[in-house]
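Peer 1: Protein chains in written order, with my numbering: chain U, 2 to 241; chain L, 2 to 241; chain H, 2 to 241; chain X, 2 to 241; chain A, 2 to 241; chain B, 2 to 241.
It should be emphasised that the hints constitute simulated quantities derived from the structure, not laboratory data. It cannot be assumed that every hint is accurate.
Subject to a maximum C-alpha distance of 30 Å in a straight line, what follows is the list of computed BS3-like cross-link-like pairs (lysine-lysine) [what the hints assert, rightly or not]: (1) U/Lys222 <-> L/Lys222; (2) B/Lys232 <-> U/Lys222; (3) U/Lys232 <-> L/Lys232; (4) H/Lys222 <-> X/Lys232; (5) X/Lys232 <-> L/Lys129; (6) A/Lys232 <-> B/Lys129; (7) U/Lys129 <-> B/Lys232; (8) H/Lys222 <-> L/Lys222; (9) A/Lys129 <-> B/Lys222; (10) X/Lys232 <-> H/Lys129; (11) X/Lys129 <-> B/Lys222; (12) U/Lys222 <-> L/Lys232; (13) L/Lys129 <-> B/Lys222; (14) H/Lys222 <-> H/Lys129; (15) L/Lys129 <-> H/Lys232; (16) A/Lys222 <-> L/Lys129; (17) B/Lys232 <-> B/Lys222; (18) A/Lys222 <-> B/Lys232; (19) H/Lys129 <-> X/Lys222; (20) H/Lys232 <-> U/Lys129; (21) H/Lys232 <-> L/Lys222; (22) U/Lys232 <-> L/Lys222; (23) L/Lys222 <-> U/Lys129; (24) A/Lys222 <-> B/Lys129; (25) A/Lys232 <-> X/Lys129; (26) H/Lys232 <-> X/Lys129; (27) U/Lys222 <-> U/Lys129; (28) X/Lys222 <-> A/Lys232; (29) H/Lys129 <-> A/Lys129; (30) U/Lys129 <-> X/Lys232; (31) B/Lys222 <-> U/Lys232; (32) B/Lys232 <-> H/Lys129; (33) A/Lys129 <-> B/Lys129; (34) H/Lys222 <-> X/Lys129; (35) U/Lys129 <-> A/Lys129; (36) X/Lys222 <-> X/Lys232; (37) A/Lys129 <-> X/Lys129.
From chain L, some residues computed to sit far from chain U (all C-beta separations above 12 Å) [stated by the list, open to error]: (38) Ala21; (39) Thr37; (40) Gly67.
All C-beta atoms in this analysis are idealised placements derived from N, C-alpha and C, irrespective of residue type, glycine included.
One letter stands for each residue in the lines below.
Protein chains: 6
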Amino acid sequence: MRLLVVNVNTTESMTASIGAQAAAVAAPGTEIVPLTPAFGAESVEGNYESYLAAVAVMEAVRTYPGSFDAVIQAGYGEHGREGLQELLDVPVVDITEAAATTAMFLGHRYSVVTTLDRTVPLIEDRLKLAGLLDRCASVRASGMSVLELEQDPQAAVEAIAREAGRAVADDRAEVICLGCGGMAGLTEMVVERTGVPVVDGVASAVTIAESLVRMGLSTSKIRTYAPPRPKAFRAWPPSP
Amino acid sequence: MRLLVVNVNTTESMTASIGAQAAAVAAPGTEIVPLTPAFGAESVEGNYESYLAAVAVMEAVRTYPGSFDAVIQAGYGEHGREGLQELLDVPVVDITEAAATTAMFLGHRYSVVTTLDRTVPLIEDRLKLAGLLDRCASVRASGMSVLELEQDPQAAVEAIAREAGRAVADDRAEVICLGCGGMAGLTEMVVERTGVPVVDGVASAVTIAESLVRMGLSTSKIRTYAPPRPKAFRAWPPSP
Amino acid sequence: MRLLVVNVNTTESMTASIGAQAAAVAAPGTEIVPLTPAFGAESVEGNYESYLAAVAVMEAVRTYPGSFDAVIQAGYGEHGREGLQELLDVPVVDITEAAATTAMFLGHRYSVVTTLDRTVPLIEDRLKLAGLLDRCASVRASGMSVLELEQDPQAAVEAIAREAGRAVADDRAEVICLGCGGMAGLTEMVVERTGVPVVDGVASAVTIAESLVRMGLSTSKIRTYAPPRPKAFRAWPPSP
Amino acid sequence: MRLLVVNVNTTESMTASIGAQAAAVAAPGTEIVPLTPAFGAESVEGNYESYLAAVAVMEAVRTYPGSFDAVIQAGYGEHGREGLQELLDVPVVDITEAAATTAMFLGHRYSVVTTLDRTVPLIEDRLKLAGLLDRCASVRASGMSVLELEQDPQAAVEAIAREAGRAVADDRAEVICLGCGGMAGLTEMVVERTGVPVVDGVASAVTIAESLVRMGLSTSKIRTYAPPRPKAFRAWPPSP
Amino acid sequence: MRLLVVNVNTTESMTASIGAQAAAVAAPGTEIVPLTPAFGAESVEGNYESYLAAVAVMEAVRTYPGSFDAVIQAGYGEHGREGLQELLDVPVVDITEAAATTAMFLGHRYSVVTTLDRTVPLIEDRLKLAGLLDRCASVRASGMSVLELEQDPQAAVEAIAREAGRAVADDRAEVICLGCGGMAGLTEMVVERTGVPVVDGVASAVTIAESLVRMGLSTSKIRTYAPPRPKAFRAWPPSP
Amino acid sequence: MRLLVVNVNTTESMTASIGAQAAAVAAPGTEIVPLTPAFGAESVEGNYESYLAAVAVMEAVRTYPGSFDAVIQAGYGEHGREGLQELLDVPVVDITEAAATTAMFLGHRYSVVTTLDRTVPLIEDRLKLAGLLDRCASVRASGMSVLELEQDPQAAVEAIAREAGRAVADDRAEVICLGCGGMAGLTEMVVERTGVPVVDGVASAVTIAESLVRMGLSTSKIRTYAPPRPKAFRAWPPSP
């Protein structure tokens, strides 16, 4: 099967890195197609950039020329998953929700460790909408931006492990979700430092998408995610 | 003071109608500037269209050439308010939230009557995020689309009054919010039919925006709605 | 229009101060009528005094000889708003709820800073009943009583700014509500110290009451706030 | 031990009836002292009357000349319990909460059947404040007023049994609480008609008050229910 | 009346101690019958042991040769109460729930202080199922195991008083529940150290069971706790 | 990899059927080992039987002679998953939770259709503990027992499709979970009748268990699911 794994920002090196993480966990026979939006911010760290990414991701998927079996939205705490579900007949999996449901099979409560303080409320809001906040012990920020994560992985591990440790000790988390696509390479080191399972959203989403496809399940079209009604659009889609 | 009242769809006649409603309630000295997005759907009835509207509304406000004191997002249950709050230093008021908080001063529980069944979950989700769901008795659909509302106001009143009546009798609502920009002209007739206060989101939002400006209050910039960080964008904003 | 602004305690100087705050924000053409209850405690800091105030406020409003367009109950976290709504045909606005809904338009989460530790649960309970607790980060006490606030404004600013700072840093509040009628004069200083918007309940309530009147909206009479049924009372109202 | 059982209305025959119910379940050695407030409504069916009752009940208890070991507030869904807890060193038990906690030992979910539709929100609010709403399936109104209950017990049984039956069948209640002091005599007949346990608030409250006294437990005085602070009162207490 | 008080572990000395606590608070005429399960762990501190205890307690009660009027499950945060309710016609009272409801009559919020950190989530889960978590400020662990409690009561008091103090100061608890059958003897000392009421689950459960019996109330048999349906069992009950 | 799929009842034909369903969805290379408990009820429909099953399932897994990579507890709404998590180092997946999280990727809200009315509260309770109730529209009973399902599949389809239809129309579900191991064969027919995705718990659990194993994730051992502490057991495990 073929899975589109769509980055939310326009940094191609991140798309490559996300694609590699996805491929690393994919089952034999699963083809991972990493996709970068045609427009938007180099990194997504707030609502303005996230709403723009939502539209850019939808356009990237809508105009993807080939066929595919499921789509993974590889942004943590970002807008847009519901729109993809309307547009597509195949399953759509958001990595924020994928990580949370995976974590909930592993411990009584989980925490998310993300990048900047300002993105904490976005993640909390997405988890609230997804109905997955009840067993969330906390969402904590390492204080490192998306781009800093890429540039200084050792400092990133330190900062993330520190917050993960606080989540376990103070917030009573038993599992940690790494709340950023760019954090996946750090999983092993954080496990070593905290002694609890560490969940990567991209990997989780790949296995969930594969599972839905294998079971022949896809988005319900009966109400919320029915296809958009036919109607006139002004100046959209943008001319290429 | 000058208030931008931004339609979420690209139907100019609706922008005019929303602008008229806003002007009707505005205080002396308040100038209402109705705005239509430069791109997007003629009516917004689902997540795909709503995410697109979020970006189009942000672009419309971001590129508005004049000065203004507050912005009203005049779409019911739509995405995007948080992005506007990041972009702007002036207050942003969403009509969904304006209607709900107004209703909560008038009765023990309120219901929303909206257009199509498929938009009910969008409104519920926006109220959930806003923390205003606790006293919401129900969100009900009249079954009429945004455009049908405009074309057959008499049928619209019938359909809306019927659902409002059920909300009062069966869901124990004591106040009704009209869940669509295009419904505002029908307020009086629905009051007559149901005997309960009927709240219009646009009018509520105008008074709230005026009040915030008068009190010298605006969006907190300390965390969630801090200005976007400086960063590179690919192919955005769209060239005119 | 004429707004009754009713103090909950019997200290006339506070009534005057509340009236002045209300007048400062009132629109041109709005007449503020400050009212002091005929009986009750010099300051209200607990349930016994608050229940007594609820009845005294209702009596003050019920026996007010003139006409009026709306009533503001100017006590933070106090009982009684529901009773006023039953008695009156005009809108009733409680400052606790007015401050909270105003704050919710300004930031992701808000905190309340009040006077004594013992009043924290009263405020929490009123916000819970009002369905406005979901985005409340915390209710914190400055440790200063209502009367101390009046006597030593500088110490009050220190104590309030300290707790407001903790609310922002530790509880992740983005907006502060000053949880006492007597705190309104301190708004500006607390803004300077914390860098977040500070909401005053009396000012908020005035603008909300004006807005409701302007929109022609008042309390729903269909169920919870229907007028009291005709019945016999023993020894009440008290003879003058 | 001596228990004060305080009626919330001023109808002496109801006080007597409540006292009789209390005495019927009281343990040997427990003396029941029924008390009628000195002022207030002949029946309490709404917020205005309930706030007045709160103060009247507090005055009745505060001025009771003898000693006592606990107080029962015998009004369903009424205000005031927190004030009594501040004033007294002995336990205070509200019949709404007593019935709910008792019901929760008997079935998975319980419903309350009360008198008039307008009192339903008052009961829901008191249960919400008490944190006892989670397993409440519904609060339903029989449509009969407090005084009608007394006058036509046969019609009362019919109306109550009908709503209790709906609570069991439609709302999935497994236990019924009779939501009015005046309903206690009907317990047996409602059991026969519905086949589920029926809980009387007055009886429940008596056993809980006795138990607290027997265990040497009383209200925590550390914060919320600390004694009122010493302060000046204007024109209160009312001169006799 | 005769109450079965069933220990959840197989340590006879604990059964005796629990029985003594129960007897100390029992009303004249109440006979306490302490029961030890025939199989299971010497102390119950986790889910495996607790599930085993659930079955062992049910077997102990099911095979008890005499008659009895109510059953008390004397394990804090343990599984099994629902099964007993299915098997029996008489009331079943769990000490976790008994303590919580008792505490809720005494203060605005309560905390539980239990033994080991690992049992905290079990208690939280049982309170969540019981719908009694809303006013729970925290569940805290003293760090001492069940058996250590018995061996070193002085150290136990120190550890429990320390956590109780934190619950009062940091979590805003106003009442403490001792979260372990074996803690009952320490009540008085913890009261002295914290100044707040301390609730013992066994004592609470005895008074509640007595009250239910006295009011003629027992488990609703209409749905959740209907008797098990007749069916074939393999290899169960175990041969003696 | 090898997955133990443990039936909760002692009917071997059901074990076989569950095993077949699991095998049908298992990835190449996954070996399904169906297991029947050595003791317990022929079908599990209530708390007594479910608690017994919890212990029997733990014994079956604990004494399973071979190695395995994950365990699936194949009972809907049953007790015991937490105990297995303590005992094992490999992942444990409960089919109730597996179905719910799968459904949440497919639609805005889901409903469960189960067998008997009396098991509805058990399923609701397990979903509440798992924090998966927020987007659950309803749990509905078909009225057919576990054994009737096996005997009359055509009537089962009718009854299930009827309740599924009501869940979609009345409760606004967009996805249906079949709430019983024995229902899996009916999936396709229910899809045809309702037009919404139908999720089978066993299939979902198999894919989730495989995914966890593939990602190298297992139960957090840091607190709630730490291994049982070493201690003495009386008369347990039962002698063979």
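Peer 1: Evaluate each hint against the coordinates.
Peer 2: Outcome of the hint check:
1. Proposed proximity of U/Lys222 and L/Lys222 is contradicted: the alpha carbons are some 39 Å apart, above 30 Å.
2. A C-alpha spacing of about 54 Å is found between B/Lys232 and U/Lys222, which places the hinted pair above 30 Å, so the restraint is violated.
3. A threshold of 30 Å between alpha carbons decides the hint, and for U/Lys232 with L/Lys232 the separation of about 35 Å lies outside it, so the pair is violated.
4. With a C-alpha separation of about 38 Å, the suggested pairing of H/Lys222 with X/Lys232 is violated against the 30 Å cut-off.
5. Simply put, X/Lys232 and L/Lys129 have alpha-carbon atoms about 43 Å apart, too far for the 30 Å limit, and the pair is violated.
6. A hinted pair counts as satisfied when its Cα atoms are at most 30 Å apart, and A/Lys232 with B/Lys129 qualifies at roughly 29 Å.
7. Taking the CA atoms of U/Lys129 and B/Lys232, the gap is about 41 Å. The hint is violated against a cut of 30 Å.
8. Our distance criterion of 30 Å between C-alpha atoms is broken by H/Lys222 and L/Lys222, whose separation comes to about 40 Å.
9. Taking the CA atoms of A/Lys129 and B/Lys222, the gap is about 22 Å. The hint holds against a cut of 30 Å.
10. With a C-alpha separation of about 29 Å, the suggested pairing of X/Lys232 with H/Lys129 holds against the 30 Å cut-off.
11. Annotation: proposed proximity of X/Lys129 to B/Lys222 is violated, straight-line Cα distance about 37 Å (limit 30 Å).
12. For the suggested pair U/Lys222 and L/Lys232, the alpha carbons sit about 38 Å apart, so the restraint of at most 30 Å is broken.
13. Taking the CA atoms of L/Lys129 and B/Lys222, the gap is near 34 Å; set against the 30 Å cutoff, the hint is violated.
14. Distance hint between H/Lys222 and H/Lys129 is fulfilled; the C-alpha atoms sit about 22 Å from each other, no more than 30 Å.
15. Distance check on the hinted pair: L/Lys129 and H/Lys232 sit about 41 Å apart at the alpha-carbon level, beyond 30 Å; violated.
16. For the proposed pair A/Lys222 and L/Lys129, the alpha carbon gap of about 37 Å is over 30 Å, so the pair is violated.
17. A threshold of 30 Å between alpha carbons decides the hint, and for B/Lys232 with B/Lys222 the separation of about 18 Å falls inside it, so the pair holds.
18. Taken as a hint, the A/Lys222 and B/Lys232 pair is broken in the structure, with Cα atoms around 38 Å apart against an allowance of 30 Å.
19. Between H/Lys129 and X/Lys222, the direct Cα distance comes to roughly 23 Å. Compliance with the 30 Å bound is thereby established for this hinted pair.
20. Among the hinted pairs, H/Lys232 with U/Lys129 is inconsistent with the structure: their alpha-carbon atoms are about 48 Å apart, more than 30 Å.
21. For the given pair, H/Lys232 sits about 54 Å from L/Lys222 by alpha-carbon distance, which is inconsistent with the 30 Å threshold.
22. Taking the CA atoms of U/Lys232 and L/Lys222, the gap is about 38 Å. The hint is violated against a cut of 30 Å.
23. For the hint linking L/Lys222 to U/Lys129, the alpha-carbon distance of about 23 Å falls within 30 Å, and the restraint holds.
24. A threshold of 30 Å between alpha carbons decides the hint, and for A/Lys222 with B/Lys129 the separation of about 22 Å falls inside it, so the pair holds.
25. Between A/Lys232 and X/Lys129 the CA atoms are separated by roughly 41 Å; this puts the pair beyond 30 Å, and the hint is violated.
26. Taking the CA atoms of H/Lys232 and X/Lys129, the gap is near 29 Å; set against the 30 Å cutoff, the hint holds.
27. For the given pair, U/Lys222 sits about 22 Å from U/Lys129 by alpha-carbon distance, which is consistent with the 30 Å threshold.
28. The suggested pairing of X/Lys222 with A/Lys232 is violated, with an alpha-carbon distance near 54 Å, which exceeds 30 Å.
29. For the hint pairing H/Lys129 with A/Lys129, the CA-to-CA distance comes to about 19 Å; that is within 30 Å, so the pair holds.
30. Among the hinted pairs, U/Lys129 with X/Lys232 is inconsistent with the structure: their alpha-carbon atoms are about 46 Å apart, more than 30 Å.
31. Proximity of B/Lys222 to U/Lys232 is assessed by CA-CA distance (about 54 Å); at most 30 Å being required, the pair is judged violated.
32. At most 30 Å may separate the alpha-carbon atoms for a hinted pair to count; B/Lys232 and H/Lys129 exceed this at roughly 46 Å.
33. Restraint check for A/Lys129 and B/Lys129: the C-alpha separation of about 8 Å stays at or below 30 Å, so the hint holds.
34. At most 30 Å may separate the alpha-carbon atoms for a hinted pair to count; H/Lys222 and X/Lys129 meet this at roughly 23 Å.
35. About 19 Å separates the Cα atoms of U/Lys129 and A/Lys129, which keeps this hinted pair within 30 Å; it holds.
36. Between X/Lys222 and X/Lys232, the direct Cα distance comes to roughly 18 Å. Compliance with the 30 Å bound is thereby established for this hinted pair.
37. About 15 Å separates the Cα atoms of A/Lys129 and X/Lys129, which keeps this hinted pair within 30 Å; it holds.
38. A cut-off of 12 Å between C-beta atoms confirms that L/Ala21 is not in contact with chain U; the least separation is 21 Å.
39. With a cut of 12 Å on Cβ distances, L/Thr37 falls inside the contact zone with chain U, its closest approach being about 9 Å.
40. With a minimum CB-CB distance of about 21 Å to chain U, L/Gly67 clears the 12 Å threshold, and the non-interface call stands.
Hints 1, 2, 3, 4, 5, 7, 8, 11, 12, 13, 15, 16, 18, 20, 21, 22, 25, 28, 30, 31, 32 and 39 from the earlier list are contradicted by this structure; the remaining hints agree with it.
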